[in-house]
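Sequences are here, hints too, so could you generate the full structure?
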Amino acid sequence: EAGVAQSPRYKIIEKRQSVAFWCNPISGHATLYWYQQILGQGPKLLIQFQNNGVVDDSQLPKDRFSAERLKGVDSTLKIQPAKLEDSAVYLCASSARPGGDNEQFFGPGTRLTVL
Amino acid sequence: AQSVSQHNHHVILSEAASLELGCNYSYGGTVNLFWYVQYPGQHLQLLLKYFSGDPLVKGIKGFEAEFIKSKFSFNLRKPSVQWSDTAEYFCAVKRDSSASKIIFGSGTRLSIRP
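For the record, the sequence lines run as chains A and B. Letter by letter, the first sequence follows residues 1 to 115 of the working numbering. Letter by letter, the second sequence follows residues 116 to 229 of the working numbering.
No wet-lab data here; the hints were simulated from the structure. It should be emphasised that the depicted structure is a prediction, and the values quoted were computed from it without experimental measurement. We treat Cβ as the ideally placed atom computed from N, Cα and C, and that holds for glycine. A few of these clues could be false.
Listed next, the in silico BS3-like pairs over lysine-lysine satisfying Cα-Cα at most 27 Å (straight line) [stated by the list, open to error]:
1) A/44 <-> B/184
2) B/184 <-> A/83
3) B/164 <-> B/176
Sample of chain A residues lacking proximity to chain B, with all beta carbon distances greater than 10 Å (derived) [what the hints assert, rightly or not]:
4) 13
5) 18
6) 24
7) 27
8) 63
9) 104
10) 111
Partial list, derived from the structure: chain A residues whose beta carbon lies under 7 Å from chain B [to be verified]:
11) 56
12) 103
13) 106
So, in structure tokens, the structure goes:
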């Protein structure tokens with residue numbers, strides 16, 4: 001079974017530039033999550049999708065971050081404009097259904113460095 | 116708000132030593148509890164989880180965790196570690212609701228000396 005795919009794996013940009021990350025979840029998984037993991041911290045949920053609808057985006061900085069999952073399959077997370085504090089690993093995860101009893105499978109992450 | 120505390124940031128052990136990593140959470144209601152592991156260069160993956168029933172949970176690779184409700188704790192244990200257990204370990208908690216999100220601790224880096 002193919003895992004969660006993410007690209008790019010690494011990205012270096014200057015502050016005030018924009019950047020986009022892509023995620024393709026495991027086939028058939030209805031729920032998709034984007035997490036931000038700052039160095040020395042655990043992952044923090046940014047946004048959760050159920051199919052193409054947003055379930056929780058309470059921790060997404062909506063003035064600069066946006067995400068979409070238009071066809072209910074792959075998803076894009078965008079930052080515009082980036083700030084120094086956005087330097088982090090951005091993890092995508094998927095699960096068959098929402099709810100904690102459904103294991104979340106994580107992708108390899110995209111490491112973003114903002115200079 | 117929920118929070119998860121992992122007090123040990125970096126633990127160094129020799130092979131065959133016993134392991135216990137601490138995890139405490141701050142929510143008084145019913146919770147689901149998890150330990151995730153990230154081996155060097157690999158994805159974050161689930162090690163074990165507790166939802167209900169026997170508070171002693173067995174996971175992969177010989178790991179286990181015990182849920183002690185009175186102490187709000189879910190410590191991870193392994194009787195004899197191997198060099199291959201070198202990884203970062205994250206405790207996580209979720210309120211028992213399908214709408215609730217998982218909150219992760221800050222992680223404990225485990226280094227095993229061969």
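How the hints compare with the structure:
Straight-line distance between C-alpha atoms of residue 44 of chain A and residue 184 of chain B comes to about 24 Å, which keeps the hinted pair within the 27 Å bound. Only pairs whose Cα atoms come within 27 Å are accepted, and residue 184 of chain B paired with residue 83 of chain A is rejected, the gap being roughly 41 Å. Distance check on the hinted pair: residue 164 of chain B and residue 176 of chain B sit about 14 Å apart at the alpha-carbon level, within 27 Å; holds. Against the 10 Å criterion, residue 13 of chain A stays outside the reach of chain B, whose nearest CB is about 24 Å from its own CB.
Listed as outside the interface, residue 18 of chain A is consistent with that label: its C-beta sits roughly 27 Å from the nearest C-beta of chain B, beyond the 10 Å cut-off. Every beta carbon of chain B lies more than 10 Å from that of residue 24 of chain A, the smallest distance being close to 14 Å; the non-interface claim holds. No Cβ of chain B approaches the Cβ of residue 27 of chain A within 10 Å, the least distance being about 17 Å, so the stated non-interface status holds. With a minimum CB-CB distance of about 21 Å to chain B, residue 63 of chain A clears the 10 Å threshold, and the non-interface call stands.
Residue 104 of chain A, annotated as away from the interface, has a beta carbon of chain B within 10 Å; the closest lies near 7 Å. With a closest Cβ-Cβ approach of about 12 Å to chain B, residue 111 of chain A is found to remain outside the 10 Å limit, as its non-interface label requires. With a cut of 7 Å, the hint placing residue 56 of chain A at the interface with chain B holds, because the nearest CB-to-CB distance is about 6 Å. A hinted interface residue such as residue 103 of chain A counts as satisfied when its beta carbon comes closer than 7 Å to some beta carbon of chain B; here the least separation is about 5 Å, so the hint holds.
Interface hint at residue 106 of chain A: satisfied, since its Cβ lies 4 Å from the closest Cβ of chain B, which is below the 7 Å cut-off.
Going down the numbered hints, you'll see the structure goes against 2 and 9, while the others check out.
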